[in-house]
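From just these sequences and the hints, can you work out the full model?
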Amino acid sequence: DAGITQSPRHKVTETGTPVTLRCHQTENHRYMYWYRQDPGHGLRLIHYSYGVKDTDKGEVSDGYSVSRSKTEDFLLTLESATSSQTSVYFCAISESAGEGGREKLFFGSGTQLSVL
Amino acid sequence: KQEVTQIPAALSVPEGENLVLNCSFTDSAIYNLQWFRQDPGKGLTSLLLIQSSQREQTSGRLNASLDKSSGRSTLYIAASQPGDSATYLCAVNPWGGATNKLIFGTGTLLAVQP
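Keeping their order, the protein sequence lines are chains E and V. In terms of the numbering used here, the numbers along the first sequence are unbroken and rise by one, the last being 144. In terms of the numbering used here, the numbers along the second sequence are unbroken and rise by one, the last being 390.
No wet-lab data here; the hints were simulated from the structure. Treat the hints with caution; some may be incorrect.
20 Å max Cα-Cα, derived SDA-like pairs, lysine to any residue [what the hints assert, rightly or not]:
1) V:K318 to V:K277
2) V:K318 to E:V80
3) E:K85 to V:N298
4) V:K377 to E:N56
5) E:K98 to E:V80
6) E:K98 to E:T48
7) E:K85 to V:E279
8) V:K344 to V:N298
9) V:K377 to E:K39
10) V:K377 to E:F134
11) V:K377 to E:R37
12) V:K277 to E:K98
13) V:K277 to E:N56
14) V:K277 to E:D90
15) E:K81 to E:S93
16) V:K318 to E:G79
17) V:K318 to E:R37
18) E:K98 to E:G79
19) E:K85 to E:S124
20) E:K132 to V:Q327
21) V:K277 to E:Q140
Chain V is faced by these chain E residues, among others (derived, beta-carbon under 8 Å) [to be verified]:
22) Y76
23) G79
24) V80
25) G86
26) S122
27) E131
All values reported here derive from a predicted model rather than from experimental measurement. The beta carbon of each residue, even a glycine, is placed where N, CA and C say it ideally should be.
See below:
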């Protein structure tokens, strides 16, 4: 298995509180991604990173921010959690983004977040 | 806007049967297509990646095909086993070369009955 650790695995929080999810990789891969998975919507990209301090928005980025200060860590922050952000959050990594087949994504085990 | 659809949403087959899972996408301008497997409560596992210039990829009992012009991909599973029971997702990379920002279908839940 790819060395990807997501923490926490489960979290319950209250509306309006900030929440930070962490993704840690030991593969030294350049690209990292945060997805959320909801019934009926599949996986949707929140933010991604293509290097240290290099990040960009995905399809559903409103209400989320990210930071990547080291190659191995990619943090996802919900600035003020809402019930609509209750979801399963997955981190993924890839070695490249389109260079001869090294763009396979490897996923972490996910974080189940409940916002009450 | 690229959309990815997987039909059927759920499929139940007896053990030993060969089966085909379908994936369709609305924009043929893709860089690659990937098939994933997801077990309950787990993350996704990459099964096969097909580049836009390729027509198929094989791994063991799995064979994935790609027809860009018609916007279709199929995942063929030979001699299905109960251990194949999982949700199978396809995803397209519509940009390529710089971002690898995949767009996923909602998956097909496969149950292989012993």
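Cross-check of the supplied hints:
| no. | hint | result |
| --- | --- | --- |
| 1 | V:K318 to V:K277 | violated (29 Å) |
| 2 | V:K318 to E:V80 | violated (27 Å) |
| 3 | E:K85 to V:N298 | violated (29 Å) |
| 4 | V:K377 to E:N56 | holds (19 Å) |
| 5 | E:K98 to E:V80 | holds (6 Å) |
| 6 | E:K98 to E:T48 | holds (16 Å) |
| 7 | E:K85 to V:E279 | holds (19 Å) |
| 8 | V:K344 to V:N298 | holds (14 Å) |
| 9 | V:K377 to E:K39 | violated (27 Å) |
| 10 | V:K377 to E:F134 | holds (13 Å) |
| 11 | V:K377 to E:R37 | violated (24 Å) |
| 12 | V:K277 to E:K98 | violated (33 Å) |
| 13 | V:K277 to E:N56 | violated (32 Å) |
| 14 | V:K277 to E:D90 | holds (19 Å) |
| 15 | E:K81 to E:S93 | holds (12 Å) |
| 16 | V:K318 to E:G79 | violated (26 Å) |
| 17 | V:K318 to E:R37 | holds (11 Å) |
| 18 | E:K98 to E:G79 | holds (9 Å) |
| 19 | E:K85 to E:S124 | holds (18 Å) |
| 20 | E:K132 to V:Q327 | holds (11 Å) |
| 21 | V:K277 to E:Q140 | violated (29 Å) |
| 22 | Y76 | holds (6 Å) |
| 23 | G79 | violated (12 Å) |
| 24 | V80 | violated (17 Å) |
| 25 | G86 | holds (6 Å) |
| 26 | S122 | holds (5 Å) |
| 27 | E131 | holds (5 Å) |
Taken one by one, the earlier hints fail for this structure at numbers 1, 2, 3, 9, 11, 12, 13, 16, 21, 23 and 24, listed in ascending order.
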